[in-house]
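Trainee: Turn these sequences into a full structure, and let the hints steer you where they fit.
Top to bottom, those sequences are chains X and G.
Under the numbering used here, read the first sequence as residues 48 to 366, first letter to last.
Under the numbering used here, read the second sequence as residues 48 to 366, first letter to last.
One should not assume that every hint holds.
The list treats identical chains as one, so a pair stands whether inside a single copy or across any two.
Simulated crosslink set (EDC-like; lysine to aspartate or glutamate; CA at most 20 Å straight-line) [claimed, not checked]:
id : residue 1 : residue 2
1  : Lys126    : Glu79
2  : Lys163    : Glu139
3  : Lys204    : Asp244
4  : Lys210    : Glu237
5  : Lys163    : Asp114
6  : Lys163    : Asp140
Hint data in this document are derived by calculation from the structure and do not stem from the laboratory.
Number of protein chains: 2
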Amino acid sequence: MTLSAIKPGKIVTIGEILVDIMALERGRGFLEPLNLRGPFPGGAPAIFIAQAARLGHAAAIISCVGDDDFGWLNIERLKRGRVDVSAVRVHEDHVTASAFVRYREDGERDFLFNLKRSAAGQTEIDQPARALLAECAHFHIMGSSLFSFHLIDEVKKAIEIVKANGATVSFDPNIRKEMMDIAEMRAGLELMLQYCDIFLPSGPELVIPTEAKSEPAAIAELLELGVGCIVVKRAARGSSYYDRDRAIDCPGYKVVEADPTGAGDCFGATFVTCRRSGLPVEECLSLANAAGALAVSRQGGMEGISTLREMRALIANAS
Amino acid sequence: MTLSAIKPGKIVTIGEILVDIMALERGRGFLEPLNLRGPFPGGAPAIFIAQAARLGHAAAIISCVGDDDFGWLNIERLKRGRVDVSAVRVHEDHVTASAFVRYREDGERDFLFNLKRSAAGQTEIDQPARALLAECAHFHIMGSSLFSFHLIDEVKKAIEIVKANGATVSFDPNIRKEMMDIAEMRAGLELMLQYCDIFLPSGPELVIPTEAKSEPAAIAELLELGVGCIVVKRAARGSSYYDRDRAIDCPGYKVVEADPTGAGDCFGATFVTCRRSGLPVEECLSLANAAGALAVSRQGGMEGISTLREMRALIANAS
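Mentor: Okay, here's the thing in structure tokens:
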């Protein structure tokens, strides 16, 4: 079972490929020795693009990893998932990015990143990246990738290339509290909205880039700014779609939560990929909700991606 | 029980403070998810200086950590161990160094470091470091700290300051195969020998910086170069001391091996600290062997440091 009418051209993303190291015990932060498990392949853009490829779409990522086990683990995993890694540079002098993740008792997470000075921080629009962008029909950006002025500049370059070629652009702010300390990120967030055909915020991320105090006001402001459509992710409560003509809500699917890492990335990739294959908005929302629910039910970010068959089975069981 | 005649002045070292993340399963490298445990406070210079402080000597480290849990974990641990951390900078824009460690079936270890671009890579002889060096009576350098030209330059600055003040210098090459790829390290290794009063190689590290093909030839070459004395660490087989007049062997102590991380650092700190308190070479070797054996018997690098009482108890039990 694949999407029947995928359009030509590639879905391309840019940003961090990293390993996740997960604490097996709940609590606060990393101030004492803990039982951990890892490395798990990860990084929001990497999970996004693996999910798009899993749905059968031509998919590629522009990134940079170190010449170390953490880098090769990720490259091999993406290759096995049929993601084009021709624009993933293997850097000889920077190490692969990493994220230590620990759950708090209340379900919130603490992260400890090595990102800015890692290989991922060296991602750039080099010749292999330009070759990919020439084939790009849709370009996706994660807010988590805007962690330095260098990255924001490279993302901007990429957007200008693909926009000139008529590609569409989606943006998932994917804000983590540890990252909003980075002044660059706030500037980057605002910049991305100017180019955005599909905006994919999670709950409160909808209002953050606006002057608005309420959801409806934020939606109006964003559509006025030129954003094509807005898809609000509400985790277990499903999702909503807004454009100038329509407001559509779609309830979520119940699953036993194992690990929410990557759920939003799988949601976004499924919505974008299904829209590109011409499915109606309602069905795209439903499949994206199913993708998010399946991701939540599995341990590990990259482990959360699923097939169209699995998504349809979840939907069929729920109805 | 403390060393009876510790001389005034501080033992000071410089170099990486990091966290160790230990794989709990043996095998090769980090290409798949594993059970891990960490963060453990570590870094060869940090373990060395904690052992010197544990023996009652005034001890300080010049280093740099990130403003993150891994950094604070280390600072708190060093403070509790009475190490002077006045010259440990907390960097706002680089993360604390880390080392993933996995044992192979044959007992060898694979390391995956984040060092050069970490906060530890930003270590420098700033004002707090200069204030410390003014009080320095003995300065210790780990080869593992010479991982960039920047670090080599800073170490050189420090040595010149302390040598001008009449302090002695010890050097432990502490070479890891992953590090010899760094061209800077080989250059740094040769430079250090020129300043070295006490050279502390482990087995084969003795010949690496020389033209010699045998141990006796290497010893002759090093003494000729001006190295004051050479203490060769032979792990379970004990240690040997060489200067222009003497060659002294001291057998090791048998313990059940739990984790050799830090054993050489504890050995070196104990030898240096005991020599400074005026103990005869034979006793210094014996205590240093005991320190190394105790370190090997415990999991975790920093966990391996021990008191003089524990060392003397091990020696008494063995005789």
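Trainee: Could you place Lys204 and Asp244 in one of the four classes (within, between, both, neither) given a Cα distance threshold of 20 Å?
Mentor: Within one copy only: 17 Å inside, 56 Å across.
Trainee: At most 20 Å between CA atoms: does that hold for Lys126 and Glu79 within a copy, between copies, both, or neither?
Mentor: Answer is between; shortest inter-copy Cα gap is 15 Å, intra-copy 36 Å.
Trainee: Regarding Lys163 and Asp140, is the shortest C-alpha distance of 20 Å or less found within a copy, between copies, in both, or in neither?
Mentor: both (14 Å within a copy, 9 Å between copies)
Trainee: Quick one: Lys210 to Glu237, C-alpha cut-off 20 Å, is that within a copy, between copies, both, or neither?
Mentor: within (18 Å within a copy, 55 Å between copies)
Trainee: Could you figure out if Lys163 and Glu139 sit no more than 20 Å apart (CA to CA) within one copy, between two copies, both or neither?
Mentor: both (16 Å within a copy, 12 Å between copies)
Trainee: Within, between, both or neither: how does the pair Lys163, Asp114 come out at a Cα-Cα threshold of 20 Å?
Mentor: So Lys163 and Asp114 pass the 20 Å test inside a copy (17 Å) and across (14 Å) alike.
Of the hints listed earlier, there is not a single one the structure fails to meet.
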